[in-house]
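As you go down the protein sequences, you meet chains A and B in turn. Position one of the first sequence corresponds to residue 28 (the working numbering), numbered consecutively onward. Position one of the second sequence corresponds to residue 23 (the working numbering), numbered consecutively onward.
Everything labelled a hint here was simulated from the structure, so no lab data went into it. Any given hint could turn out to be false.
Residues from chain A shown here face chain B by an in silico Cβ test under 8 Å; the list is partial [unchecked claim]:
id: 1; residue: Q87
id: 2; residue: L88
id: 3; residue: M124
id: 4; residue: P126
One side only, chain A facing chain B, incomplete, derived with CB under 7 Å [what the hints assert, rightly or not]:
id: 5; residue: F82
id: 6; residue: W91
id: 7; residue: Y122
Ideal Cβ placement from N, Cα and C applies to all residues, glycine included.
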Amino acid sequence: MLTIPRDLLDRIIAHARADHPDEACGVLAGPAGSDRPERFVAMTNAERSPTFYRFDSMEQLAVWREMDDRDEEPVVIYHSHTATEAYPSRTDISYAMEPAAHYLLVSTREPEEEEVRSFRIIDGVVTEEQVQVTESLVE
Amino acid sequence: MAIEVRIPTILRSFTGGAKSVEGSGDTIDALLTDLDSRHAGLRGRLVDDSGLRRFVNVYLNDEDVRFLGGLSAPVKDGDTVTVLPAVAGGMR
Chain A
28 MLTIPRDLLD RIIAHARADH PDEACGVLAG PAGSDRPERF VAMTNAERSP
78 TFYRFDSMEQ LAVWREMDDR DEEPVVIYHS HTATEAYPSR TDISYAMEPA
128 AHYLLVSTRE PEEEEVRSFR IIDGVVTEEQ VQVTESLVE
Chain B
23 MAIEVRIPTI LRSFTGGAKS VEGSGDTIDA LLTDLDSRHA GLRGRLVDDS
73 GLRRFVNVYL NDEDVRFLGG LSAPVKDGDT VTVLPAVAGG MR
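Looking at chain B on its own, in the form it has when it is part of the complex:
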């Protein structure tokens, strides 16, 4: 079972420079844990104790996983997960 995960430039230090990697799992949570077993530290950049970090966007196919249940969103073979750094900021 393989799910393609597309990695942004800023996190490619965890994937040996690869733009995409493959993983497995039934949920986003399980997938990120699986990825972390081969790309140590990657999960910690995406997730903290309260869930997905606000600095990143994680998409399942064409949808923001925040609208699909976050870490518990179900995933399956053939899905594509895309990670992008959130672009945000402001006066304070």
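For reference, chain A alone in the conformation it holds in the complex:
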């Protein structure tokens, strides 16, 4: 199960809506081993594409180093699908290489509907998990 504070989820959805029709992506960092997302980091989609995303490699290095310095890890890796359901594609599965991360997908195909699902992807096997939204970290 993914437990995620309301404000962090809202920021992910806002990022996905803002970048629509391109796919948006980013991470929620949290203390290593805690499984607790605490810090929102929007990433640049280097592909700027409606069908593909890739973290900009230099930005990723900077963000990963910062997490290392703060003893954090990527608890959530999120991206949006802009015309299809919030379910991992074959491409998503082939690239998924963080076994400890929750892969959160947002679909922006319906402007008024909040479509968010979360998955574990380990060795090519996708397992959907429940998303529990908790009170915001910052009011």
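Following the hints, put chain B in place on chain A, whose structure we already have.
Leaving out everything else, chain B in the frame of chain A:
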């Protein structure tokens, strides 16, 4: 001659759990071959017949080695090489 190579979680099964290992060589290519002699299989996760795999990012100090000539990028004693899994995907 030693070059520090930082290993991501997903590949630490090749390094006995170590977050970083040391190796030597004049190029990224030679360095990865040297590492593979002690951490068998590691090179194959980073390189295929056409060069660096698209699933990984390899950095020399603060630069993506794709911008430095890829496998032929020169390395020297004291350099730090960082390996990160690329984060990518998409609708299809």
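Against the structure, the hints:
no. : hint : in the structure
1   : Q87  : 6 Å, holds
2   : L88  : 5 Å, holds
3   : M124 : 4 Å, holds
4   : P126 : 7 Å, holds
5   : F82  : 4 Å, holds
6   : W91  : 6 Å, holds
7   : Y122 : 5 Å, holds
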